[in-house]
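Heads up: the sequence lines are chains E and B, in that order.
For the first sequence, this note's numbering assigns the number 1 to the initial residue and increments by one for each residue that follows.
For the second sequence, this note's numbering assigns the number 114 to the initial residue and increments by one for each residue that follows.
It cannot be assumed that every hint is accurate.
As the list claims (entries may be wrong) - Chain E is faced by these chain B residues, among others (derived, beta-carbon under 8 Å):
1. Leu156
2. Val166
3. Asp169
4. Asp170
5. Phe178
6. Phe219
7. Pro221
These aren't lab readings, by the way, just hints derived from the structure by calculation.
Yeah, the Cβ is synthetic: ideal placement off N, Cα and C, and Gly gets one too.
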Amino acid sequence: AQKITQTQPGMFVQEKEAVTLDCTYDTSDPSYGLFWYKQPSSGEMIFLIYQGSYDQQNATEGRYSLNFQKARKSANLVISASQLGDSAMYFCAGGTSYGKLTFGQGTILTVHP
Amino acid sequence: DAGVIQSPRHEVTEMGQEVTLRCKPISGHDYLFWYRQTMMRGLELLIYFNNNVPIDDSGMPEDRFSAKMPNASFSTLKIQPSEPRDSAVYFCASSTSWEGSYEQYFGPGTRLTVT
């Protein structure tokens, strides 16, 4: 079984600044994937970025990057150049196969103008 | 691609009534998932299917809940009888095993209110 922990219930950032959202995971499986999803106030779940446990480099997708530190079991999401539209709930999730994903409790990000 | 389609988007029903939620996964995806999201419990996996076969239904709360996937392009989640504590947003998601990563693509959700 996998456990995902997001310790920041809420985060604030100034527009155009970078922000890091924390995620730690706990699994005994050698092969796993880590995901970040965004849920804006409209309610849909939007896939942002994926990191596989065997990937040599940190994943990046546009302004999103994943700071993957295997020894610390952390998979933090970094959003560069924050925009007002980035204000949303962000979920970290982990899974060890094509099946189950375990989601964290989420972090609410508020971007101030 | 149209993405994952769910219907209805909103459902208001009275306690004791049967509720059926519907989902059409992305074409070609062989995994389908049903989730429930509440403020108290967060996002919970209820059940998932692979190639139309239920693989894990350990998250289904009780016998009042049932899910089917009669073909690759359609799934239902049924609650009978419904109770006020079933009020939540229900998401359907799909994914494919044909790609290196296995991110799940979510539908817009069905907001269920049981009065």
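Hints and how they fare:
| no. | hint | in the structure |
| --- | --- | --- |
| 1 | Leu156 | 4 Å, holds |
| 2 | Val166 | 12 Å, violated |
| 3 | Asp169 | 7 Å, holds |
| 4 | Asp170 | 12 Å, violated |
| 5 | Phe178 | 17 Å, violated |
| 6 | Phe219 | 4 Å, holds |
| 7 | Pro221 | 5 Å, holds |
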